[in-house]
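Engineer: Here are the chains, one letter per residue:
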Amino acid sequence: MLLMSNISKVYPGGSVALEDVNVHIEPGEFVFVVGPSGAGKSTFFKMLFREIKPTTGSIVVNGVDILELTDKEIPYYRRQLGIIFQDYRLLPDRTVYENVAFAMQVIETPHRKIKRRVMNVLDLVGLRKRADAYPNELSGGEQQRIAIARAIVNEPQLVIADEPTGNLDPDTSWEIMNIFKEINESGTTIVMATHAKDIVDAMGKRVIAIEKGHIVRDEMNGGYGYEF
Amino acid sequence: MSFSTKEYFIKETYKSIRRNGFMSFASISTVAVSLLVLGMFLLIFLNTNHLAQQLESQVQISVYMQDNATTQDNMTVEKAIKNMPGVQKVTFVPKDAALKKFKERLGDQQQLLDSLGKDNPFPNSFDVKVDSPEKIKKVSADIGKLPKVETAKFGQEVVEQLFQLTKILRFGGIILVIFLAMATLFIISNTIRLTVFARRKEVIIMRYVGATDWFIRWPFMLEGMTLGFFGAIVASIIINLTYGALLSRIHATLAFLPMLSATPLLYYVTAFMLVAGTGIGALGSFISLRKFLKV
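Quick mapping for you: the protein sequence lines, in order, are chains A and B.
With numbering that gives the first Met the number 0, letter number 75 in the first sequence gets 74, and the count goes up by one each step, no holes.
With numbering that gives the first Met the number 0, letter number 2 in the second sequence gets 1, and the count goes up by one each step, no holes.
Just so you know, these hints were derived from the structure itself, not from any lab.
We treat Cβ as the ideally placed atom computed from N, Cα and C, and that holds for glycine.
Be aware that one or more of the hints could be misleading.
Claimed, not checked - Derived DEER-like restraints, expressed as beta-carbon distance ranges: (1) Lys196/A <-> Ser28/B: 54 to 62 Å; (2) Lys52/A <-> Asn48/B: 50 to 58 Å; (3) Ile43/B <-> Asp70/A: 40 to 48 Å; (4) Lys14/B <-> Lys52/A: 30 to 38 Å; (5) Asp64/A <-> Val274/B: 41 to 49 Å; (6) Glu67/A <-> Lys14/B: 32 to 40 Å; (7) Lys52/A <-> Asn189/B: 26 to 34 Å; (8) Gly139/A <-> Ile174/B: 54 to 62 Å; (9) Pro91/A <-> Phe185/B: 50 to 58 Å; (10) Tyr13/B <-> Met118/A: 23 to 31 Å.
Claimed, not checked - If you want the footprint, here are the derived chain A segments under chain B, 3+ residues with CB under 8 Å: (11) 70–76; (12) 89–102.
Using the sequences and the hints, build the whole thing.
Structural biologist: Rendered as structure tokens:
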């Protein structure tokens with residue numbers, strides 16, 4: 000699914016964000032990426048969706064070297080990904096339905112396919128009844144569920160989530176995690192950065208820890224490993 | 000491009016223009032004013048050019064023969080003129096015909112001629128037409144050197160001044176066009192920049208879910224083109240109305256001025272303004288998006 004080899008990233012000005020990072024993720028895996036703030040997690044994620052390029056090394060996703068992609072090919076590569084952020088990034092002037100449908104419209108999905116698919120994913124995240132609501136009428140957990148619906152509506156093979164429960168209380172976080180679990184069980188690969196110790200410890204999934212730009216730990220059935 | 004995509008573009012463009020009501024209005028006004036000035040200038044230029052051409056085509060060399068020239072001399076001179084490069088037409092005007100023409104021109108003031116008695120003061124002459132106005136000077140000088148030719152003259156100063164004027168207008172026009180195009184471009188790209196800024200969240204999400212650059216660009220391009228187009232419409236309406244009014248004024252008071260008639264001139268000017276307005280709108284959007292899409 001994903002193979003990163005000898006990745007280093009030095010930002011202009013000389014600060015080293017990542018150094019000699021090697022990661023191999025199989026299809027269908029659920030991987031937590033943990034580590035203190037500023038350790039290089041963001042850089043790691045930005046490379047995955049090809050927002051930035053590493054200084055050295057290679058990244059192969061689904062057999063394609065994504066560093067070789069031309070500017071024109073990048074959008075098509077991103078269609079294989081579902082990206083979720085801590086701050087949801089919903090469009091406030093569009094309804095729940097429109098927010099999710101938006102992701103299908105902008106990759107030119109035919110009209111008739113959009114409605115059924117959007118309703119299906121809203122079902123999956125349990126918000127079908129709120130389809131006509133606006134994001135500011137929803138709780139944080141509900142907003143994140145919309146963001147998840149939007150990320151998976153185009154059936155990506157790889158979901159990348161950057162601290163998706165960072166703004167949520169523990170109960171709501173668990174609701175969100177259960178949705179991710181369900182998505183993962185349907186075969187989608189998930190890579191998630193998080194600071195939620197309880198969740199990581201309880202889920203018993205693979206954990207990759209990044210510190211000061213280096214992978215310091217990569218274990219199956221791992222725990223969070225930090226006090227907070 | 001599928002139907003739903005087109006529908007999406009049109010909806011987005013409409014929403015955006017409404018949301019930026021004031022800036023949209025300002026852009027349309029700026030485009031309108033710029034194109035109005037441009038259009039007026041174009042009309043002035045085209046009319047001056049037309050006037051110059053009219054006068055140029057009327058300008059001919061008048062060749063006056065000496066009194067003692069014989070019919071044989073006249074024929075020799077006519078032949079020599081006809082053989083000169085650039086000469087289009089040579090018409091012999093016998094002295095009788097010249098007098099007759101003069102009488103016609105005097106109209107009801109025939110008594111002025113009476114003082115001349117029976118004498119005909121007009122010499123035999125030739126009217127010479129040249130195929131391009133630039134050659135007039137040389138041809139005229141050459142004719143003047145022929146034997147038995149008294150003098151060869153043409154409306155030198157008027158032609159040269161008109162030439163000078165069209166040159167200045169052409170030069171000034173190019174500068175004006177560049178200046179106005181840049182100002183319009185600046186205003187439109189600024190408006191679109193505001194639109195893009197207002198919608199940066201959408202653009203970011205579009206990029207993350209894999210919308211192509213052109214898909215992201217289209218609604219903004221359409222917005223710019225729409226603003227340019229409406230500005231051009233406003234300018235066209237004003238130009239069409241004022242030129243029509245101006246034309247009837249001139250016909251009433253300065254009838255001798257050869258003005259270009261409204262059709263087809265205004266069709267061309269209107270088409271030009273619509274194309275220019277829409278094009279500038281598209282270009283303005285494109286410029287302001289270029290930076291934004293480089294992520």
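Engineer: Please go over all the hints and tell whether each is borne out by the structure.
Structural biologist: We went through each hint and held it up to the structure:
| no. | hint | in the structure |
| --- | --- | --- |
| 1 | Lys196/A <-> Ser28/B: 54 to 62 Å | holds, 60 Å |
| 2 | Lys52/A <-> Asn48/B: 50 to 58 Å | holds, 57 Å |
| 3 | Ile43/B <-> Asp70/A: 40 to 48 Å | holds, 46 Å |
| 4 | Lys14/B <-> Lys52/A: 30 to 38 Å | holds, 35 Å |
| 5 | Asp64/A <-> Val274/B: 41 to 49 Å | holds, 45 Å |
| 6 | Glu67/A <-> Lys14/B: 32 to 40 Å | holds, 38 Å |
| 7 | Lys52/A <-> Asn189/B: 26 to 34 Å | holds, 32 Å |
| 8 | Gly139/A <-> Ile174/B: 54 to 62 Å | holds, 59 Å |
| 9 | Pro91/A <-> Phe185/B: 50 to 58 Å | violated, 31 Å |
| 10 | Tyr13/B <-> Met118/A: 23 to 31 Å | holds, 27 Å |
| 11 | 70–76 | holds (count 5) |
| 12 | 89–102 | holds (count 3) |
Consistency note: the structure conflicts with earlier hint 9 alone.
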